[in-house]
Amino acid sequence: DAGVTQSPTHLIKTRGQQVTLRCSPKSGHDTVSWYQQALGQGPQFIFQYYEEEERQRGNFPDRFSGHQFPNYSSELNVNALLLGDSALYLCASSWYIGGTEAFFGQGTRLTVV
Amino acid sequence: QQQVKQSPQSLIVQKGGISIINCAYENTAFDYFPWYQQFPGKGPALLIAIRPDVSEKKEGRFTISFNKSAKQFSLHIMDSQPGDSATYFCAASDNFNKFYFGSGTKLNVKP
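Residue numbers (my numbering), protein chains in the order written: chain A, 1 to 113; chain B, 1 to 111.
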């Protein structure tokens with residue numbers, strides 16, 4: 001049983017560009033959440049998707065957007081990249097109803113230059 | 001405003017010793033408190049978690065102590081091993097689907 005998988009593992013982008021990160025949840029999970037982890041910090045909640053809709057959102061600007069597909073996989077899009085967007089982006093999957101722990105992927109290391 | 005405060009920032013322990021990491025929270029709606037372990041270049045992995053209706057939970061060498069009245073919880077790692085060297089994060093959630101993380105504790109267990 002594959003856990004949470006994210007792609008790509010590393011990415012270098014230039015300021016002003018746009019980036020798309022991808023996540024496949026753990027088998028059976030229907031909810032995907034995205035977190036940003038700056039160097040030396042704890043993960044910060046960006047948003048959460050369930051039934052292809054954004055259900056909760058953290059304190060992140062509209063430059064951060066997402067999508068969930070019918071197979072529960074998800075994408076995180078960041079527009080107009082800033083140097084401060086450089087971070088490890090983590091995807092976590094869980095069940096929406098019933099309550100359970102979240103399983104994290106290995107993350108995508110994004111570097112904005 | 002940080003929802004979960006974690007200390008210490010770093011910790012050095014001798015092999016076989018006890019590692020203790022502390023967290024505090026303010027939001028009384030939180031009802032699930034997990035601890036995650038993260039190695040460099042990896043995502044956080046769930047270590048152990050507790051609900052506020054119990055004061056202690058033990059799994060192997062890892063124990064969570066929970067003080068509801070003080071709004072504090074801690075992780076104890078008994079018989080610490082060099083392989084335990086990692087960054088540990090406490091977290092809190094009120095609906096399992098959105099987690100607030102502490103700032104992390106970098107643990108170094110000396111051989």
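If you are wondering where the hints come from, they were derived from the structure by calculation, not from laboratory data. Model, not experiment: these values are computed from the prediction. Please note: incorrect hints may appear among the correct ones.
The calculated BS3-like cross-link candidates involving lysine-lysine, where the alpha carbons are at most 25 Å apart (straight line), are [unchecked claim]:
hint, chain 1, residue 1, chain 2, residue 2
1, B, Lys71, A, Lys26
2, A, Lys26, B, Lys42
3, A, Lys13, B, Lys71
4, B, Lys106, B, Lys42
5, B, Lys15, B, Lys98
6, B, Lys106, B, Lys5
7, B, Lys71, B, Lys58
8, B, Lys15, B, Lys57
9, B, Lys58, B, Lys15
Query raised in the report: Tell me, which hint numbers fail for this structure?
Result: 1, 3, 5
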